[in-house]
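If you read the protein sequences in the order shown, they are chains A and B.
The opening position of the first sequence corresponds to residue 3 in our numbering, with each subsequent residue numbered one higher.
The opening position of the second sequence corresponds to residue 1224 in our numbering, with each subsequent residue numbered one higher.
No false leads were slipped in.
Taking lysine-lysine pairs in the DSS-like style, the calculated list, with each CA pair at most 30 Å apart, reads: (1) A/Lys25 / B/Lys1619; (2) B/Lys1579 / A/Lys25; (3) B/Lys1353 / B/Lys1282; (4) B/Lys1466 / A/Lys80; (5) B/Lys1798 / B/Lys1579; (6) A/Lys25 / B/Lys1569; (7) A/Lys25 / B/Lys1466.
Quick caveat, the hints were computed from the structure, so don't treat them as lab data.
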Amino acid sequence: MDQLEQLEAQSIYILREAYRSFKQLVMLWSIGKDSTVLLWLARKAFFGHVPIPLMHIDTSFKVPAMIEYRDRFALQWKLNMIVGQNEVALKNKQTFPDGNATRIECCQALKSEALKHTLSGEWPRWILNHDTGNYDRVEGGEAFTGVIVGARADEEGSRSKERYFSPRDQHNEWDVGDQPPELWNQFKTDFAPGTHVRIHPLLDWTELNIWEYIERENIPIIDLYFDKGEGKRYRSLGCQTCTSSVCSSSSSVTAIIEELQSGKFSNIAERSGREQDKEDGGGLESLRKGGYM
Amino acid sequence: MAGLTTNNLQPTANTELEQMSIVVIGHVDHGKSTVVGRLLADTQSLPEGKLEDVKAQCKRNSKPFEYAFLLDALKDEQDQGITIDSARCFFKSDRRQYIIIDAPGHIEFLKNMISGAARAEAAVLVIDAKEGVQENSRRHGYLLSMLGIRQVVVVVNKMDLVAYDESVFDAIETEYTAFLGKVGIQARYFIPVSAREGDNIATRSPSTPWFTGPTVLESLDNFVKEPSPVDQPFRCPVQDIYKFTEEDDDRRIVAGRVESGVAHVGDEVVFLPSGKTSTIATVEGFNLPVQAEAVAGQSTGFTLTAQVYVKPGEIMVRQDEIQPQVGTQLKVNIFWMGRRPLVKNKRYKLKLATAKVPVWLRQVNTVLDASELTTAMNRQQIERHDVAECVLETLKPVAFDQTADIAATGRFVIIDNYEIAGGGVILEPVESQTNRIQEGVTQREKSWQRSQITGNMRAARYGQRSTLVILSGLADTGKNTLAKALEESLFQQGRFVYYLGLSNALAGLDADSDVSEQRDQYLRRLGEVSHLFTDAGMILIATVSGLDDYELAMIRTLNHPSDDLVINVGDNHFKDNTVDLQIDRIDDVGQAVTQVQQLLASRKYLIEYYL
Chain A
3 MDQLEQLEAQ SIYILREAYR SFKQLVMLWS IGKDSTVLLW LARKAFFGHV
53 PIPLMHIDTS FKVPAMIEYR DRFALQWKLN MIVGQNEVAL KNKQTFPDGN
103 ATRIECCQAL KSEALKHTLS GEWPRWILNH DTGNYDRVEG GEAFTGVIVG
153 ARADEEGSRS KERYFSPRDQ HNEWDVGDQP PELWNQFKTD FAPGTHVRIH
203 PLLDWTELNI WEYIERENIP IIDLYFDKGE GKRYRSLGCQ TCTSSVCSSS
253 SSVTAIIEEL QSGKFSNIAE RSGREQDKED GGGLESLRKG GYM
Chain B
1224 MAGLTTNNLQ PTANTELEQM SIVVIGHVDH GKSTVVGRLL ADTQSLPEGK
1274 LEDVKAQCKR NSKPFEYAFL LDALKDEQDQ GITIDSARCF FKSDRRQYII
1324 IDAPGHIEFL KNMISGAARA EAAVLVIDAK EGVQENSRRH GYLLSMLGIR
1374 QVVVVVNKMD LVAYDESVFD AIETEYTAFL GKVGIQARYF IPVSAREGDN
1424 IATRSPSTPW FTGPTVLESL DNFVKEPSPV DQPFRCPVQD IYKFTEEDDD
1474 RRIVAGRVES GVAHVGDEVV FLPSGKTSTI ATVEGFNLPV QAEAVAGQST
1524 GFTLTAQVYV KPGEIMVRQD EIQPQVGTQL KVNIFWMGRR PLVKNKRYKL
1574 KLATAKVPVW LRQVNTVLDA SELTTAMNRQ QIERHDVAEC VLETLKPVAF
1624 DQTADIAATG RFVIIDNYEI AGGGVILEPV ESQTNRIQEG VTQREKSWQR
1674 SQITGNMRAA RYGQRSTLVI LSGLADTGKN TLAKALEESL FQQGRFVYYL
1724 GLSNALAGLD ADSDVSEQRD QYLRRLGEVS HLFTDAGMIL IATVSGLDDY
1774 ELAMIRTLNH PSDDLVINVG DNHFKDNTVD LQIDRIDDVG QAVTQVQQLL
1824 ASRKYLIEYY L
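Chain B on its own, in the form it takes in the complex (with noise of 0.2 Å):
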């Protein structure tokens, strides 16, 4: 079914009835289509004469008339020219205006229907009492939860062919109701209908004395608009830090959307995963008057008493309130469109509000196989229009909220190859012990073989203890300069020091900049290489713009067993106790170098009495 609307209609702006977005969804040939076409005929929605054109149509043409064919006549009126809203069709109550989105049956239009239906407020599902619960009854069920869509009626349709039997109603509702349960909704009502006799839709039936809830179209009424998060607790992601100097606008703003919650001029606020802390000055606007607090559904800014340094991706959050959670590894319930599957040992990238961070699949629980009906174990890899359990792992923490707890911080989407590929919401955080980059250090670890030659035995040779020495700090601080000095006046001295130049090739990038494939790889190549190189018994120096907490922890990781030392040149963004040095500026390379030396004697990597 195409989207269709009916003429007389048209949805206005400025309409006094309240409208909310329905999606229509189920396995095809449940009948769809016939609901929703007596639900425009049952309450005078169609355009006038329609529904007897369509009767008459099919008389001379003797085939019985059908419902779901006075949407296919609408459809011809599309293709006639009429106003038409291609996704959709209108119709209304005493209570409000509704907008039916049509999911497409076919599962090629998955991606599609989930576009239109991610905007919906509540779900109509259709399900066949003949066939029973079927692949997509499951699936889109699945995706409803997923989708955030908590109010859904379930319509059991073609009840006279099961001869209004209600013990056929009730084994559906029975298994139905568990498998919506297992996906964390519950449906408002199970509502046995026959859309081709009318029964149960906009009128009571006599053929179901049994049944005792609403019809069709009082449901629709009975669901309620939801109210904007505003009573939850205060969630900003960051979109981006703005300082525009024109004019000597010296503003620093933390631009973004308020998700859920409000905050006010004064509070006391926290960024995670940082974790830094301030307090709201103003709330910024252009074009309004003063603002003394923000609150959910507002894209605004803030200025804040103290500056810090919070990066896009993190989100803003009331000192007062309940904390999102902060981790790298989280249980997920996933549905995939990509053209390849998900798969192990490859790097996605995960977009959860306005973070993105590089993310791998680390973990299939489950995986609903919708045509056999059943949950597969054992599973390596996520297919096209799977929905799976699966635990993922993001290359540094993220800040996130259960889903059930708040919705807009707690889905996420997953790019493969630039394209969204799929979507998924956060059961919970899970604790692991290991990480992906342990698991290769141990794997790493059992596989080498050790000579005879130990770390010692190469100190003593050497006359130094090996370490890999990083410098840190913004790009253009004069960190390679200094790191090229340090190496040519340990060299001169004798010592066995190689600077390890590779950065230079990487020099634009810098850690604000969106998730960098090649960074990481850099990060990780130098873990690896200093591991080589410090095993060996060598000073290292690296280089490295913007290295934050988890890059060094994840150097650390691969570099283990083996120290390093951070020198930090600028801002310091680090925690606190994570630097080795400090040097504010360079402004004379011969002593910055000294300060090193003098850092890397102290701490005894060089061996004084072999000068």
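In isolation and in its complexed conformation, chain A is listed as follows (with noise of 0.2 Å):
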């Protein structure tokens, strides 16, 4: 078996057991590469089916492009397809874009307090109704206690300690110092009421193996990652106001592997396009302490 087989059949027996474990289990899908391969191989695990459903926190900001590809998939692939939004934030515009807070206060409302509360089932959820292909709103669903999420370990500092299966108190706190053991591939599958885990498959890929396993196993990711002749990309998907795109012109998923090997990205960190990493001392973890993926 090669590295990219390892990784796969690493993953899948993750997902296998998240699946076994969690009654009220969730994936997190961004529309992002990493998770879009995450729920390839949930497709892999459960061979052919997602028997899990998927979570998209629609911040409204969001590239078309990336909805659309949301939308079109989900009915494609018959997905379980959940959304949740603040709402009461962008009814009263308190919002980066509107003017009205920082990038980090947007963040932490839009995307950190969402996802909380939409994981929750405090605030209502829009699930895609399949025969009308339009979202219905959803209240009073219960809390999911397993998330399972895209992250890797070579994204970012704080990312790197993260265990594959990681738990969460009541207030969605993360004890970066004291996590439970893993060894011999046996994980925190049980918890106290109230608390709940993180589920980190992807956690020993790099952004390259990501790219590798894409091109090999030809998943449609969306085209935002390719130039379209203009010289420009994006490496890392997110709101259109705090995402910008790189000057690059690979348009192909093999371009984008050269580059990342030996080209012009070897040596520049993956999210350098993510304005909300700098104004915070450079690192996510206290967006990632209060519930950042």
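Assembling the complex is the task here: the two chains are given apart, and the hints tell you how they should meet.
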């Protein structure tokens, strides 16, 4: 088995372990390449099916192509698609694009808060109706106790300290210093009422691994990652206002791999186009402690 | 020492060199950091000018230079923003690239150390020549054994402090070899070094002419990548059984990761502990060409030619190969990390491969007292950071291998209060005539005061022989309705009968859900209550969803010496001849009641002349 096959086997094992252990399980899908690979791995793990609901937190400032892509594949792959949103903050325009919040405050409200309350079921969820193709607003959903996330250890400092199965307490707090041991593929799948567990099947993958796997499996990744003749493409996807494209003429997966291996990006951090990382002293740790993925 | 890396040696995914993870362990202050620092320096793995910088800095501050400072210096760089993996450092020899996993020296970080070291392929254990074998030398030796790290080099450091005395080295080698032997490890080499002086680290030292073995660097290069265990017997712990019916998918897939061996389409397989057999029909996959076989390392799935009822947690093996063992009592070596000690008479959860089963500490054989360097006998519990040999007893039989044969199915963790609190390996099964349930019953019988009224006297008075009537089968088969109707019918006939409605509160609990403490307690209570009721001469009716053979055996042990009748509704998953009456479907409750009453009559529980 080569490295990608080993990574795949381990991620599938983790996904199946999560599916077996958590009755209220959900997978976050940001539409980006990592969580799309994760979604693909779920199809691998469950032999073409996706028995786990997917959740997308829609800040309303995402690139429109992302929403279009999400709904196309949600329908095509028969996904149980849940969308969450911070209705109040959007209504009151308490956002960075509206000029009423800093980038960090905006992230906290539109992502962290929306995620937290959509996961807990306190806020409404919009669930894709496969008959109509529309989203139905549903209130009073049950809290999810297992949350599958596409974080990778190599992305950014605080993520390298994660476990595959990482518990969060009632307040979504993450105790970095006192994490459960993980050995011999035995994970923390037991949890006290009120707590929940973040599951990271992609922890061992690098950005390069992700692209190599996309190429090998021919995964239909969103085309925002590719240059369409303007010499620009996205390397990391987020809100339109806070994510800038990078100068690159890579128009295919193969070109991106080449660029990562030996080209201009071999020494530049992946999230360099994400402005919120810079505002908080360069680390995502404070956002992540509060529940940011 | 925190993690560090050298800036010109970032690991890349497609390096030509082979990669190997090595954990460096040893007692605090035995010179671990110095050994690593010297290795980095002598293999030219340090950033340019780093060595000179640190030396100059030492000179300015009038303190002697130490190689360990190199690591501290690199740590500073970490704080200055260089990309660093927090638990590892990298260096390379001509042979391969190494990832050095640094085991925290402080005991509080042992669980972090274990999480990291569990991924290492080999280990370097450092012992101070002057201090000799110390607390963590032994504890870490035990841990290596338990983590399944078989390739070990022991570095006897600070030989300069004992004047390169061969007899000091020999004494440590003799003592520690004996210790490692006890935990099943044979060190590949013992190497006398002075990391400070650079003796035998990367170059051979003239100070130890009596030593003919390799340098530390050579010894690392002599480690071999362990082949993936394809040559061992096939073991595929069942993670789950999938039946996704969307889009008319009618596959029933047994999913799991192949931990060892190979299996092919057409191979006859056995599931243990249940002993069910079938044949592999297909090897399943998504976005893959048709697979003819599944090999060690793959997360895969199988369909079978004949549908058998197996549960997650069983191990799928090949009929034509050596089989795992099946039992409830295991002699194990265990390492305890829990905040509270591991004690007897407390229910824990054992996770072995994909099996989860309640477990109790039955007996403590020996505890390694790491501070006294002695082995303590007569201990009743296992404290945090203890390593111990003990006997565990599981509620139900588990399938396992001895860790020496197949690692993945020969090791386990123990859960205490939602946390992984201990890890261990299986040494061998324990043959025992009794178990904890039986011992409890023996105790109960001993203290039981019998009256003058015998069972026969009660039978004569009530016109019936007492028995427990257990209605089993999957949930929602109408068992409870039948049970109540049966009670009513017998009651109306003047029988001394009682329907134990306890199970209603547990309707949602079936045997396929995770190991449930409630279910366990319910079954025990049922056994105890049944013993009282049947001893009093009553016919007791109870329902249990998804009862299996082991649970039935436990109820019988507790209900002893009274009788029982097993009535199964729906699919029958019991062993042959277990069920006294099989009812495929309850279409007419009255008719089912009649069937059960006929059984009671034919088995002479209802004494006819009384009617």
